[in-house]
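Protein chains: 2
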Amino acid sequence: MSSSVLVTGGNGLIGNALKKILPDAIYITRKDGDFTDICQVKKIFKKVRPVTVFHLAAKVAGVKTNAEKNAEMLAVNVQINTNVLSMAREFGVQKLVTLLSTCAFRERPENPPSEKDVHVGMPYAGNLGYGSAKRLLDLQIGLLKQQYGCNFTSITPATVFGPFDNWDINDGHVMAALIHKCYLAKRNNEPFHIWGSGAAVRQFIFSYDVAHILFEVLKNYNDSETLIVSPMEGISIRELVEMITQVMDFKGPVIYDQTKPEGAAARLLNNAKFKTLFPNFKFTPLKDALQTTVQWFVENYSNARGIIA
Amino acid sequence: MSSSVLVTGGNGLIGNALKKILPDAIYITRKDGDFTDICQVKKIFKKVRPVTVFHLAAKVAGVKTNAEKNAEMLAVNVQINTNVLSMAREFGVQKLVTLLSTCAFRERPENPPSEKDVHVGMPYAGNLGYGSAKRLLDLQIGLLKQQYGCNFTSITPATVFGPFDNWDINDGHVMAALIHKCYLAKRNNEPFHIWGSGAAVRQFIFSYDVAHILFEVLKNYNDSETLIVSPMEGISIRELVEMITQVMDFKGPVIYDQTKPEGAAARLLNNAKFKTLFPNFKFTPLKDALQTTVQWFVENYSNARGIIA
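Here the protein sequences line up with chains U and P, keeping their order. So the first sequence is residues 1 to 309, counted in the working numbering. So the second sequence is residues 1 to 309, counted in the working numbering.
Hint data in this document are derived by calculation from the structure and do not stem from the laboratory. In this text the structure is predicted, and so the values were computed from the model without any measurement. Be aware that a few hints might be false.
Copies of the same chain look alike in the list, so a pair counts if it works inside one copy or between any two.
Here are the computed lysine-lysine pairs in the PhoX-like style, where the Cα-Cα straight-line distance is at most 25 Å [to be verified]:
no. : residue 1 : residue 2
1   : K145      : K64
2   : K69       : K42
3   : K275      : K46
4   : K46       : K181
5   : K69       : K95
6   : K31       : K43
7   : K42       : K64
8   : K31       : K19
9   : K31       : K42
10  : K69       : K145
11  : K69       : K20
12  : K251      : K275
13  : K64       : K46
14  : K69       : K273
15  : K46       : K186
16  : K69       : K116
17  : K219      : K145
18  : K251      : K282
19  : K251      : K219
20  : K282      : K47
21  : K181      : K31
22  : K181      : K275
23  : K186      : K275
24  : K42       : K20
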């Protein structure tokens with residue numbers, strides 16, 4: 001693969017991880033063009049003429065912004081996705097791999113949902129805009145295959161973490177926020193405060209693993225149906241916090257504030273299909289991934305995203 | 001109301017009906033701009049600066065095209081709607097009324113669904129693209145109200161018919177196709193062939209009534225939730241065919257070809273909310289509406305849409 005690989009969202013959490021595997025691909029960021037404007041997207045495709053596209057560009061935010069700006073999260077992501085898919089189809093892209101999100105799945109399913117359940121029920125109201133844009137993306141991929149035979153597909157990763165994350169404590173993702181809070185607690189000799197009881201269970205995946213899987217999917221997965229990827233069945237926030245304090249060598253008190261919300265008891269997806277299709281894929285052990293992430297965070301603290309120094 | 005009323009889709013079935021009520025509004029058609037391109041939509045809003053918008057523009061087709069071009073129906077309608085809504089919000093439009101479709105509702109519900117059921121289940125596969133674009137439109141309207149307080153809303157009319165319809169026999173809507181087939185049977189002294197047994201039940205609404213209701217909704221309905229409008233509980237294709245033959249004075253044989261598909265046994269929506277909110281609205285009697293439509297069709301036969309003379 002050479003310069004005919006286009007990566008949108010080249011400066012994000014996963015885009016940066018992909019650079020380690022595909023250093024020669026063309027990485028496009030919002031500085032290169034406004035993806036909500038179809039003319040600008042067309043200009044990029046005309047210039048690059050990609051054979052392969054990793055479509056990672058998205059307007060992403062934390063739970064707070066997602067809930068407050070549902071309409072904007074919906075409109076912007078729908079525009080970005082529709083424009084990129086339309087141009088990928090028009091310019092004859094041979095393979096496109098993009099990302100869905102656990103946010104696309106329904107609120108509080110009785111059992112961890114599988115790939116068949118993307119459109120069942122409604123997404124959580126606080127993610128309704130972002131989650132619905134991801135659902136639409138899934139639908140578009142399926143219909144583009146049906147009408148034009150486009151070999152486009154998506155993966156649905158568990159909650160991603162790694163270097164280049166958004167570290168905003170109030171509006172970042174849970175892993176980045178926990179690392180950041182632990183860092184500040186250690187630096188300031190204060191207790192490490194956790195929202196909720198710590199009992200909530202989540203699935204995480206290291207951004208470098210996502211990058212490897214995107215590459216595997218590019219080569220070996222030709223179904224339009226999304227592929228759920230998660231290295232684990234789930235981990236409680238309490239177990240995660242213990243691991244973070246070990247990795248960060250934090251020895252102060254950890255306080256669980258049960259007056260604060262902790263979200264759904266469990267937010268899990270069924271990863272059986274991935275395990276069947278890629279039985280030999282080796283995920284990075286969580287602790288190793290955490291170590292790499294924490295090291296990056298500490299080294300890049302002064303200019304990482306979401307840090308108000 | 002004056003020139004500050006913008007109507008998109010000004011040359012369609014309902015756009016033309018609206019001209020009888022609002023002759024001074026600004027009617028925009030695809031000749032005035034490509035609505036899939038946000039820059040062109042912005043240019044129109046900049047020029048017109050509308051206070052009120054009737055957003056009727058859509059890529060519409062018959063069942064055949066809908067099924068064959070699901071991806072295109074989805075992409076184009078999503079682009080049109082997202083661009084128009086974004087600009088209406090950005091330019092501070094005070095009220096926007098648009099159209100959903102029965103296609104947005106799920107396939108084969110057990111009972112006629114109400115407004116609460118727009119997002120329950122999946123639309124019929126043959127309309128998945130078009131129906132999903134309408135669902136997204138509904139979601140966008142709700143979230144724009146939530147985030148920005150936009151007073152945007154929609155109605156969901158039963159199957160619309162009237163002058164300026166698409167009369168294509170193979171890919172038009174059922175009412176227009178039946179009128180056209182009856183016209184040809186009479187002219188050519190041939191039997192009037194109907195697909196299926198005639199038992200299928202449908203709801204219809206006259207385009208002039210839709211125009212009146214759009215105007216009523218503009219003035220008197222300020223909820224973002226869609227409003228289902230239908231003058232009737234349903235009519236069988238057989239009853240409809242009898243009425244058409246009367247109106248068109250067709251005396252030849254009518255043949256029901258039961259080897260041909262007739263679609264779902266019933267495709268009905270629950271119009272209770274409309275009846276409660278607008279108890280005094282007078283719908284045009286079906287036979288009168290048919291007479292007006294047939295007269296227009298006969299007078300405009302040579303240059304009506306979907307006619308290959």
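Each hint, compared with the structure:
1. K145 with K64: between (35 Å within a copy, 18 Å between copies)
2. K69 with K42: between (27 Å within a copy, 22 Å between copies)
3. K275 with K46: neither (38 Å within a copy, 53 Å between copies)
4. K46 with K181: The answer is neither: 45 Å in one copy and 47 Å across copies each exceed 25 Å.
5. K69 with K95: Answer is between: at 21 Å across copies they meet the 25 Å cutoff, but 32 Å inside does not.
6. K31 with K43: Both ways: K31 and K43 sit 14 Å apart in one copy and 24 Å across, limit 25 Å.
7. K42 with K64: Neither: 33 Å inside a copy, 30 Å across copies.
8. K31 with K19: Within one copy only: 18 Å inside, 45 Å across.
9. K31 with K42: both (15 Å within a copy, 22 Å between copies)
10. K69 with K145: between (32 Å within a copy, 11 Å between copies)
11. K69 with K20: Neither: 33 Å inside a copy, 39 Å across copies.
12. K251 with K275: neither (37 Å within a copy, 67 Å between copies)
13. K64 with K46: neither (37 Å within a copy, 33 Å between copies)
14. K69 with K273: neither (34 Å within a copy, 30 Å between copies)
15. K46 with K186: Intra 50 Å, inter 54 Å, cutoff 25 Å: neither.
16. K69 with K116: Between copies, since 23 Å is at most 25 Å while 28 Å is not.
17. K219 with K145: So K219 and K145 pass the 25 Å test inside one copy only (17 Å; across, 43 Å).
18. K251 with K282: neither (32 Å within a copy, 76 Å between copies)
19. K251 with K219: Intra 45 Å, inter 65 Å, cutoff 25 Å: neither.
20. K282 with K47: neither (37 Å within a copy, 58 Å between copies)
21. K181 with K31: Neither: 30 Å inside a copy, 57 Å across copies.
22. K181 with K275: Neither: 34 Å inside a chain and 56 Å across chains, both beyond 25 Å.
23. K186 with K275: Neither. Shortest intra-copy (38 Å) and inter-copy (65 Å) distances fail the 25 Å Cα cut-off.
24. K42 with K20: This pair counts as neither: shortest intra-copy Cα distance 27 Å, inter-copy 40 Å.
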